[in-house]
Amino acid sequence: MLSIVALSFFLSARESPREIIDRVDRLLRGESSHGVAVMEVVTENWERSLTMEMWSLGVEHSLVRILAPPKEAGTATLKASDDIWNYLPKVDRTIKIPASMMMGSWMGSHFTNDDLVKDSRLVEDYDIEIGFEGSRDGVEVWELVLTPRPEAAVVWGRIEYQVRKGDLMPVWARYYDEDGKPARGLTFGDFKTMGGRLVPTLMDMRPADKPGERTTVRYQKLEFGVPIDESYFSLQNLKSRK
Amino acid sequence: MGGPWIKLGWRNLGRNKRRTIITATGLGFGYFAVVFMLGWAEGLKAEMVENGTGLLTGQIQIHSEEYRPERSLYDTIGGAEGADVGALLAAVAADPAVAAAAPRVYAGGLISSGASTSAGMLLGIDPELEPRVSRILTGLTAGRLPNSGVNELLLGSEMARQLEVAPGGEVVVVAPAADGSMGNDLFIVSGIFRTGLSEVDASHALLPLDSLQRLVALEPSRVHEIAIATADPWLAPEAATRIERALSPLRPALEIEPWTRLQPEMLDYITLLDSWYWIILVIVFTIALFGVANTMLMATFERRREFAVMLALGTTPVQVVSTVVWEALALGVLSLLAGALLTFPLMLWWSQAPPDMSFLYGDFTMFGALMRPVLRVEIEPAQSLWSAGALLLTALVAAIYPAAHAARTPPADTLSGL
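Chains as they are written, first to last, in the numbering used here: chain C, 1 to 242; chain B, 243 to 660.
With the rest of the complex left out, here is chain B (with noise of 0.2 Å):
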């Protein structure tokens, strides 16, 4: 089957240079539509998450059981009497996936200056640790971040404006506090932060995490949260099991919850994006199959006097079928490697450096998360792999009725003109 078949299918896509490189090239940039939605579609993923957990979520989320849905004032971790937040934060530390971890304290307050008061989410966050978990300390758009210790806060830039208030200024902030009164203190706006999540800058106001705990009455080891970011995202389900059984000896229990569980949705999307990988893959290959069976039935058809000959001579429709795959075999090599020589500098480049898309969209929001509108790609070996051999399987399959047909030309009448 193989030895001269293999070489006289090779020697054929010489017959015709041009018509072979024509369809080398058709299904080498099937190769690379299919290799780039792939990986644009994972960059979309990527971008999603990153920006969906990345922005203040956190990869794991650590609170008390009773906390979630109804995230109530009282409801911290360790119950009323609170929990050793160092020790907790070091225990979290320890596990291999986790990069860093941070306490939160939530509380609903409202926000006043002059005239104008915003009902607001007040955020207690560690000015050192938050910004190793999420970004929502690099969005500064003026001002400088709030001391701990002292009264001073973040606003949201849309806060910011609602209020006519600039870093600098003064609010007064008034929440209900754990003993029934009504907290209530001056502090200084010291900055002024930007998500680009309109929800986010219109309700939120992020203060040193000591200072909400005073003006709410919460002693210093009362947090509602703790946030991690992992090293990758996709560790999280993990590392959370992991942290869940390092700290299930805890009592009142804590609820350790990762992304993909704080936010469904996005999970949920993303299944559906992988859903796409074989929806593209089978329409762009099928569309490239009839392109090389048409291409290979007219070879065959031109060379059927050849096949005649051959089979006159005691060739075997057997060994007739062979030459026809093992060319369509080459011709799917050769078309991998233009493919690839197209696919990967391009591929490489654009996910060093995503083209600007902005020409075309701008920022977007998807199940809260903020899209930078660029095009971002994602190189995923095994995706890459699964299309080589796709494009190859494709090849051999748009051979198989070319090659049937060349086997079963009758020689005598092929031969006699007929």
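Chain C with its partners taken away, still in its complex shape (with noise of 0.2 Å):
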């Protein structure tokens, strides 16, 4: 019986860092959601904002809908696994986003096609190792370095992920390609309660070859525990315009 409670106590003093990333994500996506978001996107040759409504189910399904501006008013992308479609309204058309096309950009933004799939797996595609444990900035953190195993099919060399122990909110993730090169970085920011969680309402992604590029995403509305369940993200849906 004491050493249950040994045991459990160690456990919780020492996360074990596949554990930390797992419960970020969830609490990130909690078992459903449902929320607004407005997508800035900075490129040296344009700037835009899209304002896009989107609903999840677990780490599998996911839809986001576009609502502004009216050009692309309509416009969806349905997650359900691995595959991505793309529903665009003017031609009144679904098309599957082919995996060669998966490092492509989602919308024109720095975020990828990649990005919305994969995200998912990270527990299941890389070794996560705590690389940092201890106070930056006067917060306690864990700094997580995820590698990718050798079966796993994916494009990062190494993720680092700074996470604050207190509350569990990720701070920043970065990526690196290949080579070890710095490749892109994710800012977490403007910790708020939305839908009854604390939640970063802010991810501001920046490209390491474009400097002053960046794609910012604020939510403006989040919430969790919606009533949906997996018929929602089909195809069908995926066209019809509420």
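Hints listed in this document are in silico derivations from the structure and should not be mistaken for laboratory results.
Note that this is a predicted model, so its numbers are computed, not measured.
Virtual Cβ for every residue (Gly too), placed ideally from N, Cα, C.
Among the hints, a few may not be true.
Said to hold, decoys possible - Taking beta-carbon pairs under 10 Å as the criterion, some of the chain C residues facing chain B (in silico): (1) K90; (2) P98; (3) G108; (4) T112.
What the hints assert, rightly or not - Result set (EDC-like, lysine to aspartate or glutamate): computed pairs, CA atoms no more than 16 Å apart in a straight line: (5) K210(C) <-> D92(C); (6) K165(C) <-> E19(C); (7) K90(C) <-> D427(B); (8) K71(C) <-> D427(B); (9) K210(C) <-> E622(B); (10) K221(C) <-> E44(C); (11) K287(B) <-> E507(B); (12) K71(C) <-> D92(C); (13) K96(C) <-> D114(C); (14) K287(B) <-> E622(B); (15) K259(B) <-> E544(B); (16) K287(B) <-> D427(B); (17) K71(C) <-> D421(B); (18) K165(C) <-> E133(C); (19) K90(C) <-> E412(B).
Make one complex out of these two single chains by using the hints.
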């Protein structure tokens, strides 16, 4: 009995890195979620802002529909398992994104199609170690180093992830290519309570090779535990404008 | 040195006619071998350059200085403002070596039909001008060319097969546009083209220039490339320099590159082929050299009594040498005549109607150039002259040792039968 208590104490004090990532992931997603966000994309050649509504169920299913600007309103992306479909309202057609385009930009942003599919699989595809544990700028954090497993089909050579110990909020993620050079950085911010949970309401992605470019996603609304099931994430629903 | 010694040399060819004919045939065939192999190498070069540049690349390309190698959608000629494409085409066409010029727009995109989607290169072309610059539109296997101003396109044969679409079918084309939006529209497949280059057939779709510009939100003044055909591929580097000078006041700066810089690996290979010329020449004539020397040595050995008499009568050794050398030279000229008689009709015939070699090998590609399975020969007069010179030189060199040997015939010993 005593040994069990001691063991459980030991576990909570020294969480496995895998558990940390898993918990962070679940915190952000919940079992199901629904939200509205504004995505601002700044590139060398143009700047634009998209308002989008999104739904998710677990890690396997998500649906994003663009609400504004009018030119692209109704454009939607459905992710189910490893596949991504885009619905194009102008031509009223749905196209499946081929595997070769997974590293292509999603809606002109600095996020890739792959980000939509693979982010949920960090725990499966990567070996996770704690690279640093302690105080950074007065905040207790973990810094996790994710190295791809030999058999995993992933594009990054390494991912570094900083998570606040106190509330399990992610602070930043840094992505390195196969040569170990920085490829891009994702920063989280504006930690607020939305839908009854503390979440980062801002995500800022910056590519390393294009200084000055960025994609910033700001959540305006986020709720968890919404009553939707798998049937909601169908090609039928991808088309229909509500 | 001349006079009777030439006559003597010439007449000696008739001493053993069969031997002379055999030797002359050998040398003549050597001449044919050299001229034919050089002509074949020239034909290979011409085939590679014509197909490599003529299929799609063109002999010269103009881009914005920024465009290559990233090939960004935004780096159009003239920058974000674009350029007066018509004036540019006219300026380029003014060059005497330029046969035609055509504007092009490139974009990367997705082409989707039913459940299948392919990632592809969208190439915007002017259906009127493009056929004058490249042969990409001549490889139509089904359907017809797309019309300007409407949403029609040509698909590469392999891509059409993967998408399971035929002429008249409908595809969705999606491409990131210059304003940041996702350009998307329906297109009708007007035809299928096949180049034989698998990477092109599997990945390229050809759209009317204006349709592609509309899809990716580029103004009509914005194009990525002007492809130029020159009358002769080898005129391209000079023409590129002249065009560069003519267009140099334009800003942002342009990059004008002949195929020799666009496809340097092709030029490297041609340089390698050129160095073969000397190797072939040396090998063939070295073999001939020993054959002729052997014959001449036999001939002079047979005549050692004659040489002994000549020397005994006061002929100088130099005169003996000269008669042997004249004989060799006469043999060389005779061989050359025989060789030319064999070579030029054949070469002329083959250069007009290249023999079909498909029983030996099929189509193959070299440095992105599709090579037809034909024995194409090109006649280069300079090479034929060089080879003729090499043949005469071979005959002369082959005569040196036998001649020296003949001149050193000891008269008394030889005549006494020793």
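Comparing the hints with the structure gives:
1. K90: Holds. Min distance 6 Å.
2. P98: 5 Å, holds
3. G108: 5 Å, holds
4. T112: Given a least distance of 13 Å, the restraint on T112(C) is violated.
5. K210(C) <-> D92(C): It is violated: about 34 Å lies between the C-alpha atoms, which goes past 16 Å.
6. K165(C) <-> E19(C): Holds, at about 13 Å.
7. K90(C) <-> D427(B): It holds: about 7 Å lies between the C-alpha atoms, which stays within 16 Å.
8. K71(C) <-> D427(B): At roughly 13 Å apart (the allowed maximum being 16 Å), D427(B) and K71(C) satisfy the hint.
9. K210(C) <-> E622(B): 53 Å, violated
10. K221(C) <-> E44(C): Not OK: K221(C) and E44(C) at ~29 Å, beyond 16 Å, violated.
11. K287(B) <-> E507(B): Given that 16 Å is the threshold and the Cα spacing comes to 13 Å, the pair holds.
12. K71(C) <-> D92(C): 14 Å, holds
13. K96(C) <-> D114(C): Distance of about 13 Å is within 16 Å: holds.
14. K287(B) <-> E622(B): The given pair, whose Cα atoms are some 12 Å apart, holds under the 16 Å limit.
15. K259(B) <-> E544(B): 14 Å, holds
16. K287(B) <-> D427(B): 43 Å, violated
17. K71(C) <-> D421(B): Roughly 12 Å between the alpha carbons, so the hint for K71(C) and D421(B) holds.
18. K165(C) <-> E133(C): 9 Å, holds
19. K90(C) <-> E412(B): 15 Å, holds
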